[in-house]
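Enquirer: In the order they appear, the protein sequences are chains A and B. In this text, residue positions in the first sequence follow the numbering used here: the first is 59, and each later residue adds one. In this text, residue positions in the second sequence follow the numbering used here: the first is 3, and each later residue adds one.
Among the hints, a few may not be true.
As the list claims (entries may be wrong) - Below, a list of computed lysine to aspartate or glutamate pairs in the DMTMM-like style, where the Cα atoms sit at most 25 Å apart:
| # | chain 1 | residue 1 | chain 2 | residue 2 |
| --- | --- | --- | --- | --- |
| 1 | B | K130 | A | D183 |
| 2 | B | K130 | B | D118 |
| 3 | B | K130 | A | D157 |
| 4 | B | K130 | A | E179 |
| 5 | B | K130 | A | D136 |
Simulated from the structure, these hints should not be mistaken for lab results. Quantities reported herein were computed from a predicted structural model and do not represent experimental measurements.
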Amino acid sequence: MSSTNKSLPSTPRTILTGTFTCAWCGLTVSAAAGDGTRRNHCPSCLHSQHVLDHVEGGRSDCQGRMLPIAIAVLRTGDWMVIHRCVRCDELTSNPVCADDNQLILMRMAVRPLAQPPFPLEAFGDL
Amino acid sequence: MPRRVNSPRRRAQAARRPQRYKDVLHSQHGHRGRDFRCVGCRLDVSLDAPGTTHRNHCPNCLASLHVDRRIPGDRAATCHGRMEALSMSVQPDGEWMIIHHCLSCGELSANRIAGDDNALALVRLALKPLRDASIAQRTLLALCPRPTSRRRVTGHPRRT
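Construct the entire structure; sequences and hints are all you get.
Expert: The following block contains the structure:
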């Protein structure tokens, strides 16, 4: 909770209370998720927008669309979505919300195994 | 009169000359100028990798070092922290990319895998989201709610 309070002055309050339009699918999403945290990606297509500068912490001038590229797992077992900005190639990681599209999440998680660079049959013996 | 014989230790000290300065070995591209040593497993790694011209991680343990900022090889980052492989991503043409996470400053970076990377470490990294059974099972159950029980229900009236 303290981390969200610390990041609040850098983010405008209208983002937390209002809605935003997804940069990819055009869905109008409320900025507050069901559990009270601030949502930073569309729950339907998981795309995000580059409005926060994650290196210096302020607002970003890029405003580019951010594409979900991977699923990362924290030590606690929680999933994070890794986004990449299509304009400036910045990488960010954001926690998964409870109402995110499970089909896209699972598709990203199993995507490396669908196109392996080497045959995976040898790993069956291990 | 016989000369006094020196002890072998003193003779060796007198015979030793100062070592020459070997600047040829430690210049920029001389001996081991294109190698690095992994911070994780201390493996000596050559920069020449099959399949990629920008090797930045150890082929054995996939650890890296935070020395580049935007362009591979620019050496512009001042962090020099250790970067651990965080997850696996796939480019649209099917190439695997390792997402590295800097342990000291939290920066993320992506790099293509090389041809001699440890295949077991790569597959373990790709399977990481699916190993934790709770979230993966919950996601799968949300996608297809109990396909076996539904088949049993539809098959039951046909049998009776």
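Enquirer: Against each hint, give a clear statement of whether it holds in the structure.
Expert: Hints and how they fare:
1. K130(B) to D183(A): It holds: about 19 Å lies between the C-alpha atoms, which stays within 25 Å.
2. K130(B) to D118(B): holds (21 Å)
3. K130(B) to D157(A): Holds - the C-alpha atoms of D157(A) and K130(B) are around 22 Å apart, at most 25 Å.
4. K130(B) to E179(A): Holds, because 18 Å separates the two Cα atoms, which is no more than 25 Å.
5. K130(B) to D136(A): holds (11 Å)
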